[in-house]
Each structure stands twice: as C-alpha cells, then as structure tokens.
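Which chain is which? The protein sequence lines are A and B, in order.
Residue 158 is where the first sequence ends in the numbering used here, and the numbering goes up by one at each step.
Residue 260 is where the second sequence ends in the numbering used here, and the numbering goes up by one at each step.
Since the hints were derived computationally from the structure, they do not count as laboratory data.
With a cut-off of at most 20 angstroms between alpha-carbon atoms, the simulated EDC-like pairs for lysine to aspartate or glutamate come out as follows:
| id | chain 1 | residue 1 | chain 2 | residue 2 |
| --- | --- | --- | --- | --- |
| 1 | B | K210 | A | D128 |
| 2 | B | K189 | A | E55 |
| 3 | B | K202 | A | D114 |
| 4 | A | K71 | A | E27 |
| 5 | B | K210 | B | E240 |
| 6 | A | K52 | B | E252 |
| 7 | B | K210 | A | E120 |
| 8 | B | K189 | A | D97 |
| 9 | A | K2 | A | D128 |
| 10 | B | K189 | B | E240 |
| 11 | A | K98 | A | D19 |
| 12 | B | K210 | A | D95 |
| 13 | B | K210 | A | D97 |
| 14 | A | K52 | A | E30 |
| 15 | A | K52 | A | D90 |
| 16 | A | K2 | A | E150 |
| 17 | B | K210 | A | D129 |
| 18 | B | K189 | A | D95 |
| 19 | B | K202 | A | E120 |
| 20 | A | K71 | B | E252 |
| 21 | A | K52 | A | D20 |
| 22 | A | K2 | B | D214 |
| 23 | B | K189 | A | E54 |
| 24 | A | K52 | A | D19 |
In this text, all values refer to a predicted model and were calculated from it rather than measured experimentally.
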Amino acid sequence: MKFSDFINVASIKADMQADDKPAVIRELVESLAAAGAISQDQVQGIVSAIMKREELGSTGIGRGVAVPHTKHASVERLVGTVGVSGIGVDFNSLDGDKVHLFFLLVSPPDRPGDHLRALENISRQLRDDTFCRFLKQARSPHDIQHLLDEADNNQFVS
Amino acid sequence: MAFPLDIIATRSVTVVNPQGFHARPAHLFMKLAESFPCRIEILKGNETINGKSILDLLTLGAGNGTTLTLRASGEGAEAAVEALARLIEAGFNEMPPTEGPA
Numbered sequence: 001m002k003f004s005d006f007i008n009v010a011s012i013k014a015d016m017q018a019d020d021k022p023a024v025i026r027e028l029v030e031s032l033a034a035a036g037a038i039s040q041d042q043v044q045g046i047v048s049a050i051m052k053r054e055e056l057g058s059t060g061i062g063r064g065v066a067v068p069h070t071k072h073a074s075v076e077r078l079v080g081t082v083g084v085s086g087i088g089v090d091f092n093s094l095d096g097d098k099v100h101l102f103f104l105l106v107s108p109p110d111r112p113g114d115h116l117r118a119l120e121n122i123s124r125q126l127r128d129d130t131f132c133r134f135l136k137q138a139r140s141p142h143d144i145q146h147l148l149d150e151a152d153n154n155q156f157v158s
Numbered sequence: 159m160a161f162p163l164d165i166i167a168t169r170s171v172t173v174v175n176p177q178g179f180h181a182r183p184a185h186l187f188m189k190l191a192e193s194f195p196c197r198i199e200i201l202k203g204n205e206t207i208n209g210k211s212i213l214d215l216l217t218l219g220a221g222n223g224t225t226l227t228l229r230a231s232g233e234g235a236e237a238a239v240e241a242l243a244r245l246i247e248a249g250f251n252e253m254p255p256t257e258g259p260a
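Can you make the complete structure from the sequences, with help from the hints?
In structure tokens:
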C-alpha cells in the first residue's frame, strides 16, 4: 500500500499550532472533514474514538512519530492525513520524546487488513532517517505531499 | 559476533486475533520483549526484524493467519520465546467475543 492510497492530500497540515494531544487530534480530524474525506457531523464521534484509543496506550511510537487512529463505521474506506508540528507535542509517546509527525487514520471496522498495510507502509518509510528528517523539516502541505510522493516512488526505501 | 555460543531458541507461531499485529499488539509485544535481556527477532518470509522495536514490529503488517518465527538469542532466550509465543497465541487478549465493535 502506498501513501497515495490512503492519505487525503487536501487535508495535510504543515506547521501545526496545536500544543496538546486533544488539540492535535481535533485539528487533523477537522481538516479531514473540511476536505470532505469524512462527514462534518462525524467529527466529534471520531475525535472521541481516537482519544479513547489513546487511553489504551499512546500511539506515539517513538522517533517523534505518532499514528493516532480508530475504526469508525461512518467511513467506507481507509482515510488518513498527515500533520507536521515544528514545535513538537507531548503525546505520552513510548520513548517520551515530543511528537513532530502525525499520521492519523480512520478505517472501516471490517477492513483490518487495510489498516495493517497502512501501518506497515508508514513504519517502513519512517525507518528511513532521511525521510523522517525531511518530513519534520517540511513547512508546507505541498512539501509534505512531495515527500510522500517520493516515498511512494521508492526514493527512500528500496 | 558472539552469537554462535549463545543459546538460541526459535518457535513458529500464527497470528490468531482478527485484527492482526496492529499498534496495540506491537506495543504489548515490545514491552514483553524488553523484559528479557536476550536479543529477540521475528522472521516473516525472508525478512528479519528487531522484536524490541515498535517501528520494526509495525513493518510486519502481519494479519490474522500469518505465520511468524520468533528467534531469541542469549540469556533467557527460551523463556522469552515461550512467553512471547503465548502472547501471540492468546490473540493479545483481544479475541472475540470480548472485543466489541469500534
């Protein structure tokens, strides 16, 4: 699975201003709704579901990366977005570091395989130090989209 | 490489929970793996990943029914493989019907 298969490019956020976990999640979910990737009237439910998932254990997986996510019956296909924070956000991540890169995913309850393949793609690409560093330095949605495209074209991971 | 003299334990396990090896199972696996001093790896096909790295664990993309090989080397290798295999075989404690809808 490639980023272009699940990342809604119109909702990508660079230079996020949110400075705590709930605000980051809300900003990204609202961005998905503004781009039409999820319904406006599902925003609150999706934000709550993602926060509930975070209570089971932070999705801050280290290296300044978090993958907040939930299953939600309102989506028919896996949809996700990317947010980059220059200041970094305390996300109770597993290594204690602040999080700069967010990959937020909403998937249909009956498609666990798609969710796994998205996680696989994200983690595989982020293992590459260059991709990780460039993404953290990206200052516009266009830069982020360009890096995702390069990753999709195997510019970082063979 | 000091490994040839170390104790090496391996075991083949199948992912049984419906959701597969997603983020929460990866976290549980990593925490348990870190409680052992030995080196822990997972083999899937021709890939070998570090069982103590959550990023590596997520690259497995191991869905329900996937067969994985656990390999531990060094002190506590056998106990580690046993405990980690049990975690996977128990479906990371998220087997139906205890798992509700999203």
